[in-house]
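Chemist: Listed below are the residues making up each chain.
Protein chains: 2
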Amino acid sequence: MVETPGLPLAGLRIVELGHYIAAPFATRLLADLGAEVIKVEPPEGDPVRGWGSAVDGNAVWFSVHGRNKLSVTLDLKAPADREKLATLCARADGLVENFRPGYLERIGLGPAVLHAANTRLVIARISGYGQDGPYRDKPAFGAIGEAMGGLRHLTANPGQVDFPPPRCGVSISDDLAGMYAALALVSACWGIKGDPDARGRIIDVDLVSSVFSLSEGMLPEYGLFGWVRQPQGAAIKTAAPTNTYPCADGKWLCIAGNSDLIFRRLMTAIGAPAMAAEPRFATNTLRCENVAELDAAIAAWTRTRPAAQAEAVLEAAEVPCSRLYDIADCAADPHFRARSLVMEVEDPLLGRVLHPAAPFRFDGIPPEAMVRWTGPKAGAHNAQVFGDTP
Amino acid sequence: MVETPGLPLAGLRIVELGHYIAAPFATRLLADLGAEVIKVEPPEGDPVRGWGSAVDGNAVWFSVHGRNKLSVTLDLKAPADREKLATLCARADGLVENFRPGYLERIGLGPAVLHAANTRLVIARISGYGQDGPYRDKPAFGAIGEAMGGLRHLTANPGQVDFPPPRCGVSISDDLAGMYAALALVSACWGIKGDPDARGRIIDVDLVSSVFSLSEGMLPEYGLFGWVRQPQGAAIKTAAPTNTYPCADGKWLCIAGNSDLIFRRLMTAIGAPAMAAEPRFATNTLRCENVAELDAAIAAWTRTRPAAQAEAVLEAAEVPCSRLYDIADCAADPHFRARSLVMEVEDPLLGRVLHPAAPFRFDGIPPEAMVRWTGPKAGAHNAQVFGDTP
Numbered sequence: 001m002v003e004t005p006g007l008p009l010a011g012l013r014i015v016e017l018g019h020y021i022a023a024p025f026a027t028r029l030l031a032d033l034g035a036e037v038i039k040v041e042p043p044e045g046d047p048v049r050g051w052g053s054a055v056d057g058n059a060v061w062f063s064v065h066g067r068n069k070l071s072v073t074l075d076l077k078a079p080a081d082r083e084k085l086a087t088l089c090a091r092a093d094g095l096v097e098n099f100r101p102g103y104l105e106r107i108g109l110g111p112a113v114l115h116a117a118n119t120r121l122v123i124a125r126i127s128g129y130g131q132d133g134p135y136r137d138k139p140a141f142g143a144i145g146e147a148m149g150g151l152r153h154l155t156a157n158p159g160q161v162d163f164p165p166p167r168c169g170v171s172i173s174d175d176l177a178g179m180y181a182a183l184a185l186v187s188a189c190w191g192i193k194g195d196p197d198a199r200g201r202i203i204d205v206d207l208v209s210s211v212f213s214l215s216e217g218m219l220p221e222y223g224l225f226g227w228v229r230q231p232q233g234a235a236i237k238t239a240a241p242t243n244t245y246p247c248a249d250g251k252w253l254c255i256a257g258n259s260d261l262i263f264r265r266l267m268t269a270i271g272a273p274a275m276a277a278e279p280r281f282a283t284n285t286l287r288c289e290n291v292a293e294l295d296a297a298i299a300a301w302t303r304t305r306p307a308a309q310a311e312a313v314l315e316a317a318e319v320p321c322s323r324l325y326d327i328a329d330c331a332a333d334p335h336f337r338a339r340s341l342v343m344e345v346e347d348p349l350l351g352r353v354l355h356p357a358a359p360f361r362f363d364g365i366p367p368e369a370m371v372r373w374t375g376p377k378a379g380a381h382n383a384q385v386f387g388d389t390p
Numbered sequence: 001m002v003e004t005p006g007l008p009l010a011g012l013r014i015v016e017l018g019h020y021i022a023a024p025f026a027t028r029l030l031a032d033l034g035a036e037v038i039k040v041e042p043p044e045g046d047p048v049r050g051w052g053s054a055v056d057g058n059a060v061w062f063s064v065h066g067r068n069k070l071s072v073t074l075d076l077k078a079p080a081d082r083e084k085l086a087t088l089c090a091r092a093d094g095l096v097e098n099f100r101p102g103y104l105e106r107i108g109l110g111p112a113v114l115h116a117a118n119t120r121l122v123i124a125r126i127s128g129y130g131q132d133g134p135y136r137d138k139p140a141f142g143a144i145g146e147a148m149g150g151l152r153h154l155t156a157n158p159g160q161v162d163f164p165p166p167r168c169g170v171s172i173s174d175d176l177a178g179m180y181a182a183l184a185l186v187s188a189c190w191g192i193k194g195d196p197d198a199r200g201r202i203i204d205v206d207l208v209s210s211v212f213s214l215s216e217g218m219l220p221e222y223g224l225f226g227w228v229r230q231p232q233g234a235a236i237k238t239a240a241p242t243n244t245y246p247c248a249d250g251k252w253l254c255i256a257g258n259s260d261l262i263f264r265r266l267m268t269a270i271g272a273p274a275m276a277a278e279p280r281f282a283t284n285t286l287r288c289e290n291v292a293e294l295d296a297a298i299a300a301w302t303r304t305r306p307a308a309q310a311e312a313v314l315e316a317a318e319v320p321c322s323r324l325y326d327i328a329d330c331a332a333d334p335h336f337r338a339r340s341l342v343m344e345v346e347d348p349l350l351g352r353v354l355h356p357a358a359p360f361r362f363d364g365i366p367p368e369a370m371v372r373w374t375g376p377k378a379g380a381h382n383a384q385v386f387g388d389t390p
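Protein chains in written order, with the UniProt record's numbering: chain A, 1 to 390; chain B, 1 to 390.
Hints are supplied without guarantee of correctness; some may be wrong.
The list treats identical chains as one, so a pair stands whether inside a single copy or across any two.
[Unchecked claim] SDA-like cross-link-like pairs, simulated, lysine to any residue; straight-line CA separation at most 25 Å:
#, residue 1, residue 2
1, K251, F225
2, K237, Q160
3, K251, G233
4, K193, K237
5, K193, P101
6, K237, L354
7, K251, D162
Quick caveat, the hints were computed from the structure, so don't treat them as lab data.
This structure is a prediction, so every number in the text was calculated from the model and none was measured.
Starting from the given sequences, assemble the full structure and let the hints guide the process.
Modeler: Here it is in structure tokens:
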């Protein structure tokens, strides 16, 4: 066990009753920030350990998903193990759980019971639809959180009927809910710290609300004017040219060329300086009206060269752009390496692995020091936590 | 000014030096949680006030984006106003800023200067690429954060060449960075609360890292095996049938029908119970191998009816599914209304408007009470904050 001095949440004790993504992601962030996180798993382990690839039965994703946490195993069907869980919660600052609403109450460990033993416990509950309301008992699926929260409607190309709007490609609704649960939990802990009379809280976070929280001005605009935002594909209706363009190698290049100065540099770089001088492209408003011609001219140029080469030409012309990075691009990028955003870590279960840095950094703490250890085996800390003989 | 008792961050004083989305979104979350947020704007206001629709010059989005905040205006080119800003920071707990790296230092208000006046200040800096590294000085665009962070590569349909991978449809990279900045800032404040010797921190959050943090197990899998995750459209390679299907009204229906029991219910509901009984669809693994046939059969059924009607049939059969909600669907949904996820709020500048609830709720605090006031005019609180005559 390595400890890193100066992490902001050092001394905060969190119990995770999580499985799959949302609650474990919340506590991974808290663990990266220095909290002591005890992950409670069933004897067979969190089922997320069965996802994706594995080496000798050790899930590769879990190296990251479980990092900086302690793992203990308990069988919540056994009264003695429920008692152990109650003891963990009695001496913790916070609990993060993502069981179906009502489950904790059914096993006799609802908030009322936990608060009777520890009035200061902050309990963060994550569910698909929330702890109340007509959909509370529906099964939670990340994809349905994306759909019902209003995000997937927008992740689409207008006029496209041959393919469905794609998923975000990652577990976005679980991730967002986990981030909000972490923020709300630490906020509640800040609120009671140092106040001997303060009491813990019960926090309710759900996938649908978390996705819906990103709706910008759509809801007041709908209420006032009846406007319903429609998908815009890779373009932005109010800025031109900014879009994603096909390249000779089948890859795509995202270009943000809509300011007047950048637009001129862009058109010069692609060998069409005369277009930049035409009055009907003189302002962003005019370019938005005539965007189809611009997009066609830019795509005609990008189609003639591989994405990396087109990117290099535009970079040299100081036109903001980026290939759509895949994980190999991320791993190879000099900025990612210079910032230790991609780092090599020794995992006792897997060998040398690559880890992403924590998404926040603090002065005086190197990003490498924020990965104190990699995801452990289920139950690896039973002896340490419970004082059992292993 | 309305105050709501019991909000967790009551008493936390935050200065926002933000514009557009990332920093203002961070502080909106902190303000929803009860912090006192003073938003510092240029005399002409945050340029985000010019985005989207407006009523009498008041931006509709800003009703939500600026809610629960105080707004003051300062001209940072004027020494007297920089002095006022320094005074605000001297008595604050935290500062959130999203200028280009180096700007605060250039106007004489870098972290060293701010910490000299207030050793406990927690400074959260948000930028496109971070405060160091070779790309630090590049201009930040949300779309490029999505592209370089590895998300947009995945938001695509495999084999699709006629349309580019669409944007996420919202400012996802700014939102994620704002959420991480808020979490890191509150964590740092928790860390020093009650410790008279503790010192403030400097936090570095950027759009690219924030997006990249959602890469799940992709990075260790790439490092160990050279695997590069490719887009999967609306499907999931390891679960079938789960996809998004076209309906008669041009809308789409997301269906998660991959568990054995649900699969049988689904096939019965669409009038194909015989398919559910065929051995080659007996397990999820077999269904993944033969997914094209299943998807075709399901789509043949969904194409014959409008999305809402297909959804109702599957709901009745207890098959998890959801139309791709647009903002009108969200506003009309009984669960959204029952949970006050959509609520009517009186905005003195706009009249009755709809606001989304905060994405976290706390026992004893109704969601309505978390919207204390709507986004104010730029400079509305100059007199209150600076004691000036307005």
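Chemist: Hint by hint, note whether the structure agrees.
Modeler: A quick look at each hint next to the structure:
1. Taking identical chains as interchangeable, the C-alpha atoms of K251 and F225 lie at most 25 Å apart only when they sit on different chains, with a minimum of 22 Å there against 39 Å within one chain.
2. Taking CA atoms no more than 25 Å apart as the test, K237 paired with Q160 passes in both settings, with 17 Å inside one copy and 22 Å between copies.
3. When the C-alpha separation of K251 and G233 is checked against a cutoff of 25 Å, the pair qualifies both within a copy, at 16 Å, and between copies, at 16 Å.
4. Within a single copy, K193 and K237 get their C-alpha atoms no closer than 47 Å, and across copies no closer than 46 Å, so neither meets the 25 Å cut-off.
5. In this assembly of identical chains, the alpha carbons of K193 and P101 never lie at most 25 Å apart, being 28 Å within a copy and 33 Å across copies at closest.
6. Within a single copy, K237 and L354 get their C-alpha atoms only as close as 39 Å, which misses the 25 Å cut-off; across copies the closest is 24 Å, which meets it.
7. Proximity of K251 to D162 under the C-alpha cut-off of 25 Å is found in both arrangements, the shortest distances being 20 Å within a copy and 12 Å between copies.
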